[in-house]
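Using the sequences plus the hints, can you model the full thing?
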Amino acid sequence: MKNRFKKLSVNVKAAKQIASNPAVCDILENWTSTRKLLISMQCQEDHKKEKERRFTLQEKIASLSIFKQSPKGYRFLRFFLFCLLSKH
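Residue 83 in our numbering sits at position 80 of the sequence shown, and the numbers go up by one each step.
What the hints contain is simulated information worked out from the structure, not anything from laboratory work.
Yeah, the Cβ is synthetic: ideal placement off N, Cα and C, and Gly gets one too.
Wrong hints could be hidden among the right ones.
Stated by the list, open to error - Pairwise CB distance ranges, derived in the manner of DEER restraints: (1) 36 - 16: 22 to 30 angstroms; (2) 83 - 52: 15 to 23 angstroms; (3) 72 - 20: 33 to 41 angstroms; (4) 34 - 59: 15 to 23 angstroms; (5) 57 - 33: 24 to 32 angstroms; (6) 31 - 63: 20 to 28 angstroms; (7) 37 - 17: 23 to 31 angstroms; (8) 43 - 75: 23 to 31 angstroms; (9) 5 - 38: 33 to 41 angstroms.
Structure, rendered in structure tokens:
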């Protein structure tokens, strides 16, 4: 249990260092809202099992717009890169 908390505290410290980096802040400011949404969705849903994931309305709309543009590309992103919505 203590090891788990130590690992979590190390991860939090690393995330704070990255978030406070001015270069990272400049990059994040230039991103579109959809890109920011996809990245935040990965941070929230990555550690969960597929059936445990819950998505907000904005995340569902962004996923659907990607699917409507290219269903084949959406499948590629879902299987290899991102935690996106599935039919199940």
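To see whether the hints hold, each was checked on the structure:
About 28 angstroms separates the C-beta atoms of residue 36 and residue 16, a value consistent with the hinted range of 22 to 30 angstroms. Residue 83 and residue 52 have their C-beta atoms about 18 angstroms apart, which keeps the hinted 15 to 23 angstroms range intact. With their beta carbons about 36 angstroms apart, residue 72 and residue 20 fall inside the hinted range of 33 to 41 angstroms. At roughly 18 angstroms, the beta-carbon separation of residue 34 and residue 59 lies within the given 15 to 23 angstroms, and the hint holds.
Judged by the Cβ atoms, the range 24 to 32 angstroms given for residue 57 and residue 33 holds: they are separated by roughly 29 angstroms. The beta-carbon spacing between residue 31 and residue 63, approximately 23 angstroms, falls within the hinted interval of 20 to 28 angstroms. Here the CB-CB span from residue 37 to residue 17 is close to 26 angstroms, well matched to the stated 23 to 31 angstroms. Between residue 43 and residue 75 the CB atoms are about 25 angstroms apart, so this pair conforms to the stated range of 23 to 31 angstroms.
Against the hinted window of 33 to 41 angstroms, the Cβ-Cβ separation of residue 5 and residue 38 comes to about 37 angstroms, which satisfies the hint.
Comparing the model with each earlier hint shows no violations; every hint is respected.
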